[in-house]
Amino acid sequence: MATPMIELDRVAKHYGNHAAVAEVSFTIDKGEFIALMGPSGCGKTTTLRMIAGLDQPTSGEIRLWGRRLNEDAPWERDAPLVWQSYALFPFLSVRKNVEFGLKQRRLPAPERRKKAEEWMERLGIAGFAERGVDQLSGGQRQRVALARALALEPEMLLLDEPLSALDPHLRVRMQSELVRLHRELGITFICVTHSHSEAFAMADRVVIMNEGRIQQIGAPREIHRRAANRFVAEFVGGNNIFTGTARVEDDGSIALAGPVGTVHAPSPLEGGIVTGAAATLVVPADRIELAAAGTGCGNEVAARVVTVEFVGSTVTVFLETEGGGELHAQRSLHEMENTPLAVGQPVVARWSPQQGFFLPA
Amino acid sequence: MSMAALRRLLLVAYTVLVFAFIFAPIVSTIVFSFNADRFPSLPWGGFSLQWYEAIFADATIQRGLINSLIVAGVTCVIATFLGFSAAYIDYRYRFLGKSVYLALAALPPTVPVVILGVALLTFEGRVGLSGTLQGIIVGHVVLSTPFAMALVRMRLADLDPDIERAAWNLGASPWATMFGVIVPFCTPAILAAIFLTAAVSFDEFMIAWFVSGVNETLPVRVLAMLQGQVSPRINAIGAIVFGVSITLVVLAQLLLGRMSGRAARKKG
Amino acid sequence: MSEPLPAPATGPTPLKATSRRATGARFAVFWGAPPVLWQAAFFLVPLGFLVAMTFWSVKSFRLTPDATLANWTFILNAGFFRNAYVYTFWLSALTALIASVAAFPAAYTLAYKVSPATRRFMIFMLVVPFFTSYPVRIYSTQIFFSPQGIINTVLVPLGLGPLQVLNTPTGTVVGYLVLTLPLVVLLQTFALANVPRILIEAAHNLGCGRLRTIGTVIIPSARIGLIVAGTFAFVLAFGDYVAPTYLGGSRPPTLSILIADQVKSGNNWPRASVVAVMMIMTLMVVMLVMIGLAYGRRKERA
Chain A
1 MATPMIELDR VAKHYGNHAA VAEVSFTIDK GEFIALMGPS GCGKTTTLRM IAGLDQPTSG
61 EIRLWGRRLN EDAPWERDAP LVWQSYALFP FLSVRKNVEF GLKQRRLPAP ERRKKAEEWM
121 ERLGIAGFAE RGVDQLSGGQ RQRVALARAL ALEPEMLLLD EPLSALDPHL RVRMQSELVR
181 LHRELGITFI CVTHSHSEAF AMADRVVIMN EGRIQQIGAP REIHRRAANR FVAEFVGGNN
241 IFTGTARVED DGSIALAGPV GTVHAPSPLE GGIVTGAAAT LVVPADRIEL AAAGTGCGNE
301 VAARVVTVEF VGSTVTVFLE TEGGGELHAQ RSLHEMENTP LAVGQPVVAR WSPQQGFFLP
361 A
Chain B
1 MSMAALRRLL LVAYTVLVFA FIFAPIVSTI VFSFNADRFP SLPWGGFSLQ WYEAIFADAT
61 IQRGLINSLI VAGVTCVIAT FLGFSAAYID YRYRFLGKSV YLALAALPPT VPVVILGVAL
121 LTFEGRVGLS GTLQGIIVGH VVLSTPFAMA LVRMRLADLD PDIERAAWNL GASPWATMFG
181 VIVPFCTPAI LAAIFLTAAV SFDEFMIAWF VSGVNETLPV RVLAMLQGQV SPRINAIGAI
241 VFGVSITLVV LAQLLLGRMS GRAARKKG
Chain C
1 MSEPLPAPAT GPTPLKATSR RATGARFAVF WGAPPVLWQA AFFLVPLGFL VAMTFWSVKS
61 FRLTPDATLA NWTFILNAGF FRNAYVYTFW LSALTALIAS VAAFPAAYTL AYKVSPATRR
121 FMIFMLVVPF FTSYPVRIYS TQIFFSPQGI INTVLVPLGL GPLQVLNTPT GTVVGYLVLT
181 LPLVVLLQTF ALANVPRILI EAAHNLGCGR LRTIGTVIIP SARIGLIVAG TFAFVLAFGD
241 YVAPTYLGGS RPPTLSILIA DQVKSGNNWP RASVVAVMMI MTLMVVMLVM IGLAYGRRKE
301 RA
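Those protein sequence lines, which keep their order, are chains A, B and C.
Per this note's numbering, the first sequence starts with residue 1, numbered consecutively.
Per this note's numbering, the second sequence starts with residue 1, numbered consecutively.
Per this note's numbering, the third sequence starts with residue 1, numbered consecutively.
Keep in mind that the hints were calculated from the coordinates and are not lab data.
Keep in mind that this is a model prediction, so the values were computed, not measured.
Beta carbons are placed, not taken as given, at the ideal position from N, Cα and C, and that holds for glycine.
Quick list of simulated restraints, FRET-style, between CB atoms: (1) B:T247 with C:F30: 30 to 38 Å; (2) C:C208 with A:S137: 44 to 52 Å; (3) C:F80 with B:P109: 24 to 32 Å; (4) B:F95 with A:A277: 51 to 59 Å; (5) C:N205 with B:D158: 35 to 43 Å; (6) B:Q134 with C:M287: 27 to 35 Å; (7) A:E61 with C:V289: 51 to 59 Å.
Some but not every residue of chain B turned toward chain C, in silico, with C-beta under 10 Å: (8) R7; (9) L11; (10) I89; (11) L104; (12) V111; (13) T122; (14) V222; (15) V249; (16) G257.
Bound-form chain A, shown alone (with noise of 0.2 Å):
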């Protein structure tokens, strides 16, 4: 089995009696785009700083190619780290920040000037290379930022939050843009985010963290449907939680009598759902069709239309059933603009059992 390239074995990170990463361990390949994300407060920037060096894990220990790390300074480790605030020197110009990196590593000064060109180049910054980092705007500090870290041609880059303070539609661009970086430079991307968009949208693989644990890990697909406890299944956002009792049906499959009456869904494949005993279900809300009326066959719910949200071109319809239970339905905009629903219409949310999860008890 080939050696991991970043491994983090029983990592932990405690300031007095708080502990702000209490127990992870996780491994990391080459080349890998990963996301640490989880609410504010869970960790995970701690853990991207345990990477860096800024901060030295309590116990447990971080090995790099199967070397131990701890005690490695931050100046010593090859890991460039692109801050949330930028952190760009400010009495520098954005050539000098950008050539920082390459002449602490005693660069011949042509070279370093060359590098620098290149990388300012490769963002679009070489157009002001000259300025000073205080007459630069939210967009073009964050390039500068990158090219810094990126000019030392590391094995991997560490970002912390580094869409949260641009604007939203520069913030799109960005994305696809550090996609296509790493892509290009085939390294490894280690990425904290508190928005499950970000991370979804990038990564290859998420960890999603909380309270200083890890909650799970695993491609975007994977965590959107199989969502590993119910932390994990609200924080992701966009499913539809049912807890209710449960019945074990013939073929094997489950209903479930809940909020929202009695649905179905298969049995997990670990099993463990027995006859009487309270399960949570959950059901992409984007797997959740709505229509005038019923057909007899899947999950059917009748309901009201309580409100009904736009965002981008995403609709999402939050409905009521009779006894009181809610669910959510998420349609796309074309879908929906042949048949305009009115708060208090009545619908029938359907969808196939199939569709369905049971969380791990």
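Starting from the known structure of chain A, arrange chains B and C on it as the hints suggest.
Only chains B and C this time, still in chain A's reference frame:
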């Protein structure tokens, strides 16, 4: 409306009066240093540079000026280094006893100079420093380091702590970060501190009076001259000291102004 | 005093990081040690030495280490010391009061009645006197009040003089004001400018007149700054040597004159040290009382 205007006028007039009291001695020093009459009084006795000629011909005053320049020159370098160091330590570290550390660095100006003078005299007598310029420098550094520390600390307050870590992250050791990031960032404050501590030292007379022995600095010479009779030469010295000190303070002020101007622009 | 051991703000270093920790410690010591060593060697030790010397004796004109209370009993029982102590304390307190009252309208004007640019310029102007030889300023003041000086040449023809200020306690106080007034105006201006404008506007809005607003809103809000300003005036005046010597004529002597005389001519350093230690203790008590006054009542009210 006119009541308000009157009230404002009265307040401004009173303020002018207060400033007149504060500045009358300074202005008269400069004005009468050019007066031909021996006794500084009205009416004005005509323009003359004779008192300046007199002090430049006076070997003790020359010696005093040179001593003052040496003391101020050395003091400002040491005090700025120590003040910078203390400010950086305050900025960068948390440790047990830090408040004691900072108090020790910042307290000397709250002790009357007459007491600092006696204390240094008795102490320096024991270690063989009294009566030397080094002895004066030692005391002036004690007195002026807190000013340098305050200036640098104010500047460091504007430095995002992430900046230093960003430098480490890009491969700069703490030493490289110090000279590649911290010092360049603090340069205006460091220069301001050099000028300010030089001005403090150049003007200080009490510690110098106790410690100097035969190596009088210029202010000590002035003090000695005050004990004699009225002499317009004191005005001439005062005017020169004023010129030197104010130049230093204005330079410091300009640097600080540029600094805060830039900070304001950055925030705005 | 134990040497403080700096540790990085980022947290404790791990056990095995010896080389890294050594680098960090060397760095911290390089920057941290010089200021503390310098101030310990040339500030703390001399002051400690001063205290120790109060217990020494002078035997046949030679300073001898000793453990005698003779200097203390001599000074504390000496009439000249008691008189000088009361006189210095009283004159310094009077100066602090006069300076605080005289400065207030000017500080009020600078804080509220002029444009920010003017205020900045005036604040700069107030810094200027600190860098203008204080003895020379006292010399100028001496000339002003001399019998043939400017003030008397104006006043005498008007039948108002001659004004006898030199070599009187009044002269000393005038000199103290030359020393302290710029600082008091400066500190009061900062204190008043920091009073939230909205509080003053609220008071006006509630029908509080101008003078009452000053008394009930501005002064209580700026109290800490005002007390600090007055305290500084007291501290500066209490330790000053030049004004009482050249404007007050050394008669009666203040404590600083006693010290200077004992050291410069009397050569009785242990006795001078007792006076100096008494001064330091007095200033510490005054500062503690004033800090209590500035912050204490506020807590009670909150």
